[in-house]
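Trainee: One letter stands for each residue in the lines below.
There are 2 protein chains.
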Amino acid sequence: MATKYDRVVDLLRTRIEDGTYPAGTRLPAETALAEEIGFTVQVVRRALSELQAEGLIDRIHGRGTWVRQQRRPVERTTERYVWEKQRVHASEEERASTGATERDAGLEVHDLLFEAEYAEVEAPADLAATFEVSTSTKLLRRTYRTRTHGDAPFNVSTSYLPLDLVAANPALLDSTREPWPGGTQHQLFTVGVEVDRIIDKVTARPPRADEVAALDLPAGVAVLVLRKVSIDITGRVVEVADVVLPGDRTQLVYTTQLPRWSA
Amino acid sequence: MATKYDRVVDLLRTRIEDGTYPAGTRLPAETALAEEIGFTVQVVRRALSELQAEGLIDRIHGRGTWVRQQRRPVERTTERYVWEKQRVHASEEERASTGATERDAGLEVHDLLFEAEYAEVEAPADLAATFEVSTSTKLLRRTYRTRTHGDAPFNVSTSYLPLDLVAANPALLDSTREPWPGGTQHQLFTVGVEVDRIIDKVTARPPRADEVAALDLPAGVAVLVLRKVSIDITGRVVEVADVVLPGDRTQLVYTTQLPRWSA
Numbered sequence: 001m002a003t004k005y006d007r008v009v010d011l012l013r014t015r016i017e018d019g020t021y022p023a024g025t026r027l028p029a030e031t032a033l034a035e036e037i038g039f040t041v042q043v044v045r046r047a048l049s050e051l052q053a054e055g056l057i058d059r060i061h062g063r064g065t066w067v068r069q070q071r072r073p074v075e076r077t078t079e080r081y082v083w084e085k086q087r088v089h090a091s092e093e094e095r096a097s098t099g100a101t102e103r104d105a106g107l108e109v110h111d112l113l114f115e116a117e118y119a120e121v122e123a124p125a126d127l128a129a130t131f132e133v134s135t136s137t138k139l140l141r142r143t144y145r146t147r148t149h150g151d152a153p154f155n156v157s158t159s160y161l162p163l164d165l166v167a168a169n170p171a172l173l174d175s176t177r178e179p180w181p182g183g184t185q186h187q188l189f190t191v192g193v194e195v196d197r198i199i200d201k202v203t204a205r206p207p208r209a210d211e212v213a214a215l216d217l218p219a220g221v222a223v224l225v226l227r228k229v230s231i232d233i234t235g236r237v238v239e240v241a242d243v244v245l246p247g248d249r250t251q252l253v254y255t256t257q258l259p260r261w262s263a
Numbered sequence: 001m002a003t004k005y006d007r008v009v010d011l012l013r014t015r016i017e018d019g020t021y022p023a024g025t026r027l028p029a030e031t032a033l034a035e036e037i038g039f040t041v042q043v044v045r046r047a048l049s050e051l052q053a054e055g056l057i058d059r060i061h062g063r064g065t066w067v068r069q070q071r072r073p074v075e076r077t078t079e080r081y082v083w084e085k086q087r088v089h090a091s092e093e094e095r096a097s098t099g100a101t102e103r104d105a106g107l108e109v110h111d112l113l114f115e116a117e118y119a120e121v122e123a124p125a126d127l128a129a130t131f132e133v134s135t136s137t138k139l140l141r142r143t144y145r146t147r148t149h150g151d152a153p154f155n156v157s158t159s160y161l162p163l164d165l166v167a168a169n170p171a172l173l174d175s176t177r178e179p180w181p182g183g184t185q186h187q188l189f190t191v192g193v194e195v196d197r198i199i200d201k202v203t204a205r206p207p208r209a210d211e212v213a214a215l216d217l218p219a220g221v222a223v224l225v226l227r228k229v230s231i232d233i234t235g236r237v238v239e240v241a242d243v244v245l246p247g248d249r250t251q252l253v254y255t256t257q258l259p260r261w262s263a
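Chains A and B supply the protein sequences, listed in that same order. Here my numbering is used: the first residue of the first sequence is 1, the next is one more, and so on. Here my numbering is used: the first residue of the second sequence is 1, the next is one more, and so on.
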């Protein structure tokens, strides 16, 4: 495989990570860099493209290459789902103290800016199929963005709930109640729903133009697209959420526990 | 959000999926299409970019847009890990009859071409850290490609095992033994290892040039990058595998079972 190339990627990544090239500095010109480290300009260019895709550098055509201010990396584990469920029965004060996104990012609620937008929409074909309802069925669509002060959002998330299910609690139709202490699992609990399992379906694609803007993505970064489907203890789909996460600063972590051979 | 754009994407996707535009046909010119469906050319262009990223169409600048022959989509679930573990104690005949990739793709072993390449390498820094060994420690690196006849590979996978662990069974150092009946969990079993849990760490990025070639990726497709870490019942990391999967035809599926409130 591409070993020269890998070595140059590793070398430059190390120099960025160890502070040899601090955030905001300009890298040496490609020819100078190639000469210094003893590889061809072609190999250096490919390595820089890779580091750009990883979000470590910005390259401006004809101008140069700069080390990016590192974005806070977010690790998203499925423990957030278990944790959110356990907290449903906690006090409002405790539920309000921190949410799943803060937990993943290692932040406090007051570090975060939260935007929520609600709308009532007719189910598009793919969601109607997932909810097992007709396409004229009304859904509550909720669009969320969570960001730190002065930084880009961690993700753009669109959640859908069956409108007739959540209408039983009018507070659930009011976007000014967001961020809701305890999140979606607590919201569903207020209308008698207990979530049994959550299925994450993960794909990747280049970002759309509106996502590049919303997530402030550098050039050459892909997005993870996570469709989260929540199923309640009666087997009914109670929420579908589409979460778009920047590939340069998100890692999804899933642990599969295997049964023992001899128990 | 971008609703006009979403509607055009849905409309064109439906026409491709229902056969209005069969595989291999050329789509109407962007201006004609825009007029026919009653949206602007800009909206149509953005929608076509999205469909290209999803791998549904090929666009050739200045020439036109064609509907792609659909790749076989692969859904990869973590049941494969449980399934592979259960099969370790099955007969060789049964283990040889099908593997995890065939199972995901709904194929038989004889549908697949399998390539394996083995090498002994010194642990790079990130793998040394994961295995908790020094960077001079030897690893067995195994590179796999699995494809159907006449089609592109499902994925490119690079697996690492501690060399001193697997050297206890010389057959494990022989790439001509691949595909090994029962896969890696059976290979590890032959040297006394029982896998306890497997952690998948998932990110996304644009493909590298060698991956575009190896996976025959159309323009504008991102890749899912999955680092799979297997831990045995003593808590030791026994395998690390990096799997690169095409974003246009792979869906990773993870189910999280939540504990009941009242058990």
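Note that these hints are calculated values from the structure, not bench results. These numbers come from a predicted model, not from an experiment. Please note that a few of the clues may not be correct.
Heads up, the list lumps identical chains together, so a pair's fine if it works in one copy or across two of them.
Here are the simulated SDA-like cross-link-like pairs (lysine to any residue), alpha carbons at most 25 Å apart as the crow flies [claimed, not checked]:
no., residue 1, residue 2
1, Lys138, Arg7
2, Lys4, Val253
3, Lys4, Leu112
4, Lys201, Val253
5, Lys138, Asp58
6, Lys4, Ala129
7, Lys201, Leu217
8, Lys138, Glu120
9, Lys138, Val212
10, Lys4, Arg227
11, Lys228, Arg87
12, Lys4, Asp126
13, Lys228, Gly19
14, Lys201, His61
15, Lys4, Asp210
16, Lys138, Asp174
17, Lys4, Arg15
18, Lys138, Phe189
19, Lys138, Arg227
20, Lys201, Ala168
21, Lys228, His186
22, Lys201, Thr158
23, Lys201, Asp242
24, Lys138, Thr14
Trainee: For Lys138 vs Arg7, is the C-alpha pair at or below 25 Å within one copy, between two copies, both, or neither?
Mentor: between (54 Å within a copy, 17 Å between copies)
Trainee: My question is about Lys4 and Arg227: at a cut-off of 25 Å on alpha-carbon distance, are they close within one copy, between copies, both, or neither?
Mentor: Cα proximity of Lys4 and Arg227: across copies only (22 Å, versus 37 Å in one copy).
Trainee: How do Lys201 and Thr158 come out at 25 Å by Cα distance, when the copy is not named: within, between, both, or neither?
Mentor: Intra 15 Å, inter 23 Å, cutoff 25 Å: intra and inter.
Trainee: Have a look at Lys4 and Ala129 and pick one of within, between, both or neither, based on CA distance no larger than 25 Å.
Mentor: Between copies, since 22 Å is at most 25 Å while 48 Å is not.
Trainee: Regarding Lys4 and Asp126, is the shortest C-alpha distance of 25 Å or less found within a copy, between copies, in both, or in neither?
Mentor: Answer is between: at 17 Å across copies they meet the 25 Å cutoff, but 45 Å inside does not.
Trainee: Between the shortest in-copy and the shortest cross-copy C-alpha distance, which are at most 25 Å for Lys138 and Arg227: within, between, both, or neither?
Mentor: Only inside one copy: Lys138 and Arg227 sit 19 Å apart there, 40 Å across copies, limit 25 Å.
Trainee: At 25 Å max between alpha carbons, let me know whether Lys228 reaches Gly19 within a copy, between copies, both or neither.
Mentor: Answer is neither: 38 Å inside a copy and 29 Å across each miss the 25 Å cutoff.
Trainee: When no copy is specified for Lys138 and Asp58, does a C-alpha distance of 25 Å or less occur within a copy, between copies, both, or neither?
Mentor: Intra 44 Å, inter 35 Å, cutoff 25 Å: neither.
Trainee: Between Lys201 and His61, at a C-alpha cutoff of 25 Å, which is it: within one copy, between copies, both, or neither?
Mentor: For Lys201 and His61, neither the intra-copy (36 Å) nor the inter-copy (33 Å) Cα distance is at most 25 Å.
Trainee: When Cα atoms must be at most 25 Å apart, do Lys201 and Leu217 count as within-copy, between-copy, both, or neither?
Mentor: Both: 22 Å inside a chain and 21 Å across chains, each within 25 Å.
Trainee: Could you figure out if Lys4 and Val253 sit no more than 25 Å apart (CA to CA) within one copy, between two copies, both or neither?
Mentor: Result: close neither inside a copy nor across copies, 30 Å intra and 34 Å inter.
Trainee: Is the C-alpha distance from Lys138 to Glu120 at most 25 Å within one copy, between copies, in both cases, or in neither?
Mentor: within (6 Å within a copy, 59 Å between copies)
Hint compliance for this structure: hints 2, 3, 5, 9, 13, 14, 20 are broken, all remaining hints hold.
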